[in-house]
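Novice: Sequence:
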Amino acid sequence: MGQLDAPAVDPAAFRHVLGHFCSGVTIITAVDGDDPVGFACQSFSSLSLDPPLVTFFVAKTSTTWPRIQPGGKFCVNVLADDQEQLCRGFAVSGADKFAGVAHKPAPVTGSPLLEGTLAYIDCTLEQVVDGGDHEIVVGRVQALEAPRDDAGPLLFYKGKFGHPAQNAD
Numbered sequence: 003m004g005q006l007d008a009p010a011v012d013p014a015a016f017r018h019v020l021g022h023f024c025s026g027v028t029i030i031t032a033v034d035g036d037d038p039v040g041f042a043c044q045s046f047s048s049l050s051l052d053p054p055l056v057t058f059f060v061a062k063t064s065t066t067w068p069r070i071q072p073g074g075k076f077c078v079n080v081l082a083d084d085q086e087q088l089c090r091g092f093a094v095s096g097a098d099k100f101a102g103v104a105h106k107p108a109p110v111t112g113s114p115l116l117e118g119t120l121a122y123i124d125c126t127l128e129q130v131v132d133g134g135d136h137e138i139v140v141g142r143v144q145a146l147e148a149p150r151d152d153a154g155p156l157l158f159y160k161g162k163f164g165h166p167a168q169n170a171d
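Read in order, the letters of the sequence shown are residues 3 to 171 in the numbering used here.
Take every hint as true, because none was put in to throw you off.
Computed cross-link-like contacts, DSS-like style, restricted to lysine-lysine with a CA-CA straight-line distance of at most 25 angstroms:
hint : residue 1 : residue 2
1    : K62       : K162
2    : K62       : K160
3    : K62       : K75
4    : K75       : K106
If you're looking for bench data, these hints aren't it; they were derived computationally from the structure.
Can you build the whole structure from these sequences, using the hints too?
Specialist: See below:
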């Protein structure tokens, strides 16, 4: 597709407008050698039913993704509405994100499966595509389960956690 002759989009306006789209929150985890690694991610989505594929986007400035990508496997942990603090812990750079965090190996890849999540999707890396200042990651689903039905999803809307009605202007 060709580019339109339109004025440049202001990054602040872009962020503001796209912030009006509510998203669920996940934590992507893997193992780097013997070390568990992970990062918070709100850009996760299903991609294909046949074959079973999921996708997420990661900033090219991420320091965690380069530790995950070479191993070729990861687990997507879908967060519950009572896991905001867990998310905040994985959203920081440089800290021991797994300190005090209960987890076990995911069934196929052995990636950390975090305790208390709504669901998990255990994946092998299918493809990575350039996406501007992000990389588009495609994972092939190897195993998945939704063990919790007692909570809602952790949502992110207009730069805050919570329900869209709670974050109204």
